[in-house]
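A.B. asks: Sequence:
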Amino acid sequence: ERQPGTAQIALRLNGGAPTFHPVEVGEEAELRFKLSHAGANVVELSVDPGPEELTLRNNRTALMVNGVRDRLRVLLVSGEPHPGERTWRNLLKADPGVDMVHFTILRPPEKQDGTPVDELSLISFPTRELFSIKLHEFDLIIFDRYKRRGVLPFTYFDNIANYVDQGGALLVAAGPAFASGESLYRTPLAIVFPAQPTGRIRTGGFRPQLTDLGARHPVTETLPGANSFADDGGALDPPRWGRWFRFIETEQLDGKMLLSAPDGAPLLLLDEVGEGRVAQLLSDHSWLWARGFDGGGPQAELLRRLAHWLMKEPDLEEENLYAEYEAGEILIERRSVNLSDVPVLVEFPDGHSQLVEMMPVTPGKWRAQIEAQQPGIYHLRDGRRSTIVAAGDANPVEFADVRATEIRLAPVVAASGGAAVWLRADGVPDIRRVGPGRDMAGQGWIGLRENRQYLVAALEQHSLLPALLMLLLIAAAIGFAWRSEGR
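Here the sequence shown is numbered in our numbering, starting from 1 and rising by one per residue.
Bear in mind the hints are in silico, worked out from the structure with no lab data behind them. For glycine and all other residues, C-beta sits at the position ideal for the given N, C-alpha and C. None of the hints are false.
Derived pair list, reagent style DSSO-like, types lysine-lysine, alpha-carbon separation capped at 27 Å: (1) Lys93 <-> Lys312; (2) Lys312 <-> Lys134; (3) Lys34 <-> Lys134; (4) Lys93 <-> Lys147; (5) Lys365 <-> Lys312; (6) Lys256 <-> Lys312; (7) Lys147 <-> Lys134.
Restraint ranges, calculated between C-beta atoms of paired labels, are given here: (8) Gly328 <-> Pro466: 51 to 59 Å; (9) Glu324 <-> Asp48: 25 to 33 Å; (10) Asp48 <-> Asp315: 33 to 41 Å; (11) Thr198 <-> Glu371: 55 to 63 Å.
Full structure from sequences and hints, please.
C.D. replies: Right under this line is the structure:
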């Protein structure tokens with residue numbers, strides 16, 4: 001229960017569930033919260049109505065906080081060296097905002113070659129430090145063609161599965177070992193994978209192609225060289241990027257398939273597991289795109305989008321509701337991989353609501369535009385997602401403190417030459433007309449200046465009686481007067 005002298009502040013981040021913070025009334029307070037993602041974050045602050053509120057317009061405010069990720073910490077674990085390993089390193093090291101820890105398993109610990117320890121150039125794999133003590137310090141874990149070689153016990157794979165469930169990100173680029181008995185699927189990580197291997201490795205030249213879902217998903221839509229679809233989902237143009245020559249045959253269990261082989265077999269799957277995310281790339285030939293083979297392809301852009309989706313960047317969310325205020329208008333954009341046309345419910349600052357019909361722009365994307373009729377905070381909902389946008393000043397200065405005091409009114413009173421008189425229980429003061437330069441208030445009265453200033457805006461003249469009738473009346477009056485005088 002709220003104590004006297006305290007207020008309960010509700011803090012909402014990006015339209016989510018509120019967190020409550022008790023603060024002392026009239027004192028500054030510091031509220032701490034954690035941003036859910038990099039980029040624009042909308043923070044809404046509100047307080048419940050008090051017992052003697054003059055207005056509720058100043059009980060809420062909103063501010064935009066731009067989150068910047070300090071450094072993206074990536075753990076890259078590679079299996080046997082292969083041509084694509086250098087591509088991963090070049091891609092991650094080219095970004096100055098990425099701190100990468102890269103380990104390549106060159107040989108299992110049980111392999112001995114008789115070389116003295118002081119002459120070895122390799123270091124022991126710090127498994128306990130990486131996969132137990134510091135695991136949650138990494139933002140993204142990548143397994144590149146990794147296979148079980150006795151280096152990581154099952155306990156550490158269980159730690160990684162829990163890491164994903166608690167909000168971590170995992171990207172697996174599968175090689176031939178994924179279809180063998182040394183597959184990562186035969187570890188506790190299997191519970192987070194959206195596809196299981198069938199044991200077959202498919203070889204032969206093919207061009208990866210977008211699925212119908214992939215053409216609408218922000219991770220793969222508009223990729224240069226991709227195949228296109230008609231409005232009814234039918235194929236239009238084939239892909240124009242280079243060929244791959246191997247992929248691991250799998251059975252899709254969950255998640256969303258964005259890339260497939262020509263026969264529909266999965267190549268790229270995304271899934272959300274608990275609070276975290278997983279991506280499975282079921283081929284180790286994506287590096288051919290980076291080398292420009294057969295025309296190449298957008299490998300760097302694809303992997304960049306994958307990493308940002310795994311990091312929950314708002315621009316790559318497949319279900320997203322976005323709004324911004326610009327030049328007196330509120331621009332609304334809704335994105336969904338489902339093609340259902342859903343209106344957006346807009347709640348205005350004064351409390352009334354309006355359903356806004358969205359216009360399709362591209363498959364999976366709708367837009368609308370409404371007039372911001374009043375300043376303040378607008379809430380938008382589409383049934384699944386919600387967001388807020390501040391139009392103009394969400395808390396105008398004239399509503400910051402609406403209490404009338406002599407100190408606050410003094411500048412207005414002085415500028416107008418008036419006076420401030422407070423209403424009392426014994427009645428309303430008398431209103432008197434006073435001339436310019438006279439006192440405007442006194443004991444029990446207040447003056448209304450008589451300036452005698454006016455402006456004639458228009459003039460209309462009308463005859464009281466018709467002219468002929470007036471002449472007759474005048475003549476009758478003259479005749480009556482003459483007759484009376486003659487007597």
